[in-house]
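Novice: Sequence:
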Amino acid sequence: MDEAHWDLEDIFGKLKDEGLQSAASADERLIFLWNLYQGIQTKLHTTRNELEELRQQQAEEMKEVESYVAHIRSLTEEREALTTDFEKENIQLRAELAEMHNQQESQLKEVEEMLDQEGLNDIANSSPSEQVAYLLVERATLLEKLDMLENQMDSHLESLSSINRQEELEQIHKTLEEELYQQRETMKRTKETLSKAQLFPVKNPWKKLFGIHKNADKLSADRSTFEEEVAKEKKKKEGLERDLEEASHRLQMAHDEIRKLTEELLIKKKEITELEHILQKKQQENYGLREEQKMVKENDLLELQKAKQHNSRLDKEILALRSRIKLLDSERKKSSEESEISKSESAEKSQHNQEKTPQDNTFLHKRYQLEIEEKECQNKALLHKLQKLQSKYDETVERNEELESILGETQNQTKEQISYLECEVEGLQRTIMNLEAQLTKLREKSDATGKDQVMEHHIKKGVDLQQSSSLTNECKWLKEKQTSMSAMLLEKEQICHQLEEKIESLENEMYAMSIALAESKKKSEILQKKINEGMGENQKLWEENIHLRQDVNTTRQELQTKREENARIKQEILNMQEKVPRPQICADGAEEIVPNLLAGDTLIQQQHEEIRQLRQDLHRAQHLCSSAEKELRYERDKNLDIKKQHFCLEQANTMVSAELNQLKQKFANVTATCLKLENELEMKQQRIKEMELEVLKQTQISKVQNNWQEKLEHEKSQAHEAEKKILELQQQLRASQHQLQLVQSQVAERKHLEEEMKNVRENETALRTKLQEEQLKRKVLEQSCQDLKHQMGILFDKETVLTRNNSALQHKIHQQESQLLNLDDVQTVSAKERIQIENTNQKLTEELLHVQQEKQQLHKEYENILKQLDEYIRKYHEKELRHKAKLSHAKEIHINEVNQMDLYIKQLGMEIKFLKSQAEKDQQWISKITTENEHLNEEKRILLQKMNEHEAMERNHKWDLLSAQNRAHILDEENRELQEGLLQLYNQVSSLDRVLKKIKALNIEEITNMIPSELHILHLPKGSFSANGIPSPSGILKAIGSTEMQNPVDYKESLSFSITPTSDIGYLNVSSPGVAATSPEPTPNEGTFSETVQTFP
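full-length UniProt numbering numbers the first residue of the sequence shown as 1 and each following residue consecutively.
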């Protein structure tokens, strides 16, 4: 009883705290409760709005998915546009290549027509380089033949006599015609016929000379006829010279055309190389596009997998929702059955379900918060990784650019060096060719001399042999130098190949790094998307948390206000108890008290329910606070884990930076080696230039020597003229004396020439020693190429020594010139001394025989030399044939490579078509997936709408069930109270019947004595009666009668009263399961009133 009293006081106090006055009527209290109900409805409205917002967010997410699909479609369209552009560019490049091929073919046809017109059908089908080489060789042979013809003409005109000259001129004329005929034939033949044609003019001069000397003694003719023939031959010579000039002019024109063609070929080669570079770039771009397509496909596959996973999740959620709906339907059926079986048990179960739902909600709230925290931690870690990867990617991109620039520079430098070295090698080969041509000229000059100059030829033979040996030595040295240079080139090419391999390995590494970075970029983009989604979810959850906290604060405030109102209500109840007047014995007072008590009971029940709800809210808030504390602890643990991960990532970053530093060092070493090699190449190039300058100096020296020899020959011709004059003066002498004088003069000349030869040999030995010293120095220089840095000073010293030696050689050349002048003086002296030598003629005749024997031996030696020369020429032609075969093989390789390139281009076109088809298939597949996703989204929307409708129906059913249960419960309680009141009334009626019977039987005095006892029996205190004293028996009887007459009316009124509050309570949907109110007895006693008040819970 005390607890119920305190509960009522709490309810009234809370109502007072909320603003309800203590003296408020029942209507005011109902209005107050109605306002509370409206506040709860507003809260429900806000929750519904939140649900609508969530649905809108879902719709926005679907829109984002659709926009993403549209973005993918746009990317595919861009890819198709790029592929079409590349195809167009490939078609243009192919058209340009076809035009280039056509131009080349037209130019080749023009060259072939030119060659056909000039009678060079054999060369027309060969390569342009072979044609140029053939024309150059022919030009060289023509020039050599012209020089030979001029020398022969001069020598024969000066040396031969008037009788011999006529036959020689005829023979020369014949030989010239034959040679011109042979030249025309050689222009039509191949290089094999050239080797045979070159052998013929070498053998002819000796035959001519021998024939001339045999027929010199036999033939004789007049001087006049000789002069006429000489004039004719001069005219023929002039005509031949004109023809030769025209031929040389044509050769120059041909050379110019060949140069133009070579320049055009070089330009076309450059253009072809540029086109090849462009093709390589296009291939690289195609490769990049393929990789991008692969990456896009992978991304599409990942996105499709994500979409499938999302769809599977949605399917799972839909299945879970369906299962939940089924469970809810089953629970609803069970609850309906249980409500039919037992209303009390259904009420308890409904309360239990109501308690379970907030617990489920709190559990879900915790789970969502944990997931949000996990996603936040993952997002932070991924953002950190993203930043690191982006920084690394930027650094790698910069390094790649630097490496590519350095690579391009090194490749260009190596190409330039290789081209420069090739040019130098070609220059050396040309010098070798020139030296060989000089050799042939010298040999032909030696063959062109007459029989009168046999001794001079014998003398010159040694000089020519020495010169030829020196030239052969120089050729050998140049070939050795060429081989050494080629070896050096091969070594440098190997070094370049090694560097290129290293660079390719670095490029592969960079390519792998770029691929890894691209993958990390994609992952980072995916992670950024996830982060953004997680951030959005976090924001939503934070907003929900804020709303929940606000709700908790509002519930706390409401609890406080309700406590205050309960206290006020308690005070009001106490005041009411104090203010309530003591009931009269009449039944009217009892009828007024009963409805007031019933209204107070309903209010108290409602307040108890509100108090319970508030306690449940408090329990929920405490539970949320505990979950928040747990979440904070979990966040701290997560932060520690994140710090550990951060530390590990920093360590990995340091490792990567160390590796990058190592790569930088390696790259610096490679660049240093490249620079060293470049410096070495420059030094070697400078040395090659110096060697070339030395060779040029030597050639100049040889030219000077040749000039001196020509001067000697000229002086000899002058001496011959003097001898002719002497012969004219001594015609009167005998033939024997004439012959003896000739022999004496020849002997004198021989001696003189022998002395000159000795001097020349001494000079040549000195020069050879110097040349050997220079060769040794060159060898030392070649050996010291490896230690260039350490021996730079020594090389400079050697260069100074070489300059000194050159100056000494020049000084010696000047001395030789002075000696030659002295020799001229000596010749004049010897002419005067010839008269004194006539006595020595007899001795000289004997020596002549000996000389003739030596001459025969020299002829044999000369024939052997000619055979060796023929072998050398044959070997040279074999080399040329091999070179031709190599050129043809290279041409075939080039044609095969061009065919392979065409096949590769065709394969690329087929691959592009295949990629197009694949892209179209991908687009169709993506469109199918998008349609399926839209269909699934529509199904999801329909299901969500059905779910919402079903949930609304379930809520309405629940509210109806609860209202029906509350009404049934209240009706049960009212029935119980009415039954108890009826029992009490029946007891009172029986007691009153007894009293009436006793009153009828007793007198007035006995009645007065019995009244206190009866009052005691009826539980009526004495203070309940009036203060005037004991009433009369007649008044008591009237009261009893009135009570008997009004009993049924009171019962009806009590029924009506009990029905009205239940209807009101049913409308308010307020449950009062713990209230067990009893109707008060209709007695006006105070004891009964106090009992009825104490029976309330």
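No lab work stands behind these hints: they were computed from the structure. Note that the Cβ used here is the ideal one computed from N, Cα and C, for glycine as well. Errors might be hidden in some of the hints.
[Claimed, not checked] Computed list of lysine-lysine pairs in PhoX-like fashion (alpha-carbon distance at most 25 Å, straight line): (1) K812 / K294; (2) K855 / K758; (3) K316 / K306; (4) K540 / K529; (5) K958 / K334; (6) K716 / K697; (7) K63 / K522; (8) K860 / K751; (9) K751 / K777; (10) K860 / K540.
[To be verified] Restraint-style ranges between C-beta atoms, simulated for each label pair: (11) H720 / N121: 23 to 33 Å; (12) Q731 / E846: 43 to 53 Å; (13) N121 / I701: 36 to 46 Å; (14) L146 / I701: 37 to 47 Å; (15) S702 / G427: 15 to 25 Å.
Novice: Against this structure, judge whether each hint is valid.
Specialist: Hint check results:
1. Between K812 and K294 the CA atoms are separated by roughly 81 Å; this puts the pair beyond 25 Å, and the hint is violated.
2. Under the criterion of a C-alpha separation no larger than 25 Å, the hint pairing K855 with K758 is consistent with the structure, at around 19 Å.
3. This hinted pair checks out: K316 and K306 have alpha carbons roughly 15 Å apart, not beyond 25 Å.
4. At most 25 Å may separate the alpha-carbon atoms for a hinted pair to count; K540 and K529 meet this at roughly 17 Å.
5. Restraint check: the Cα-Cα separation between K958 and K334 comes to about 13 Å, which is no more than 25 Å; the hinted pair holds.
6. In summary, the hint linking K716 to K697 is not supported, as the alpha carbons are separated by about 29 Å, beyond the 25 Å threshold.
7. About 23 Å separates the Cα atoms of K63 and K522, which keeps this hinted pair within 25 Å; it holds.
8. Between K860 and K751, the direct Cα distance comes to roughly 24 Å. Compliance with the 25 Å bound is thereby established for this hinted pair.
9. A threshold of 25 Å between alpha carbons decides the hint, and for K751 with K777 the separation of about 38 Å lies outside it, so the pair is violated.
10. Between K860 and K540 the alpha-carbon distance is near 118 Å, which puts this suggested pair outside the 25 Å criterion.
11. The hint said 23 to 33 Å for the Cβ distance between H720 and N121, and at roughly 49 Å that hint is violated.
12. Range check, Q731 to E846: Cβ separation about 27 Å, and the 43 to 53 Å hint is violated.
13. N121 and I701 have their C-beta atoms about 45 Å apart, which keeps the hinted 36 to 46 Å range intact.
14. L146 and I701 have their C-beta atoms about 26 Å apart, which leaves the hinted 37 to 47 Å range violated.
15. Against the hinted window of 15 to 25 Å, the Cβ-Cβ separation of S702 and G427 comes to about 18 Å, which satisfies the hint.
In summary, the numbered hints that this structure violates are 1, 6, 9, 10, 11, 12 and 14.
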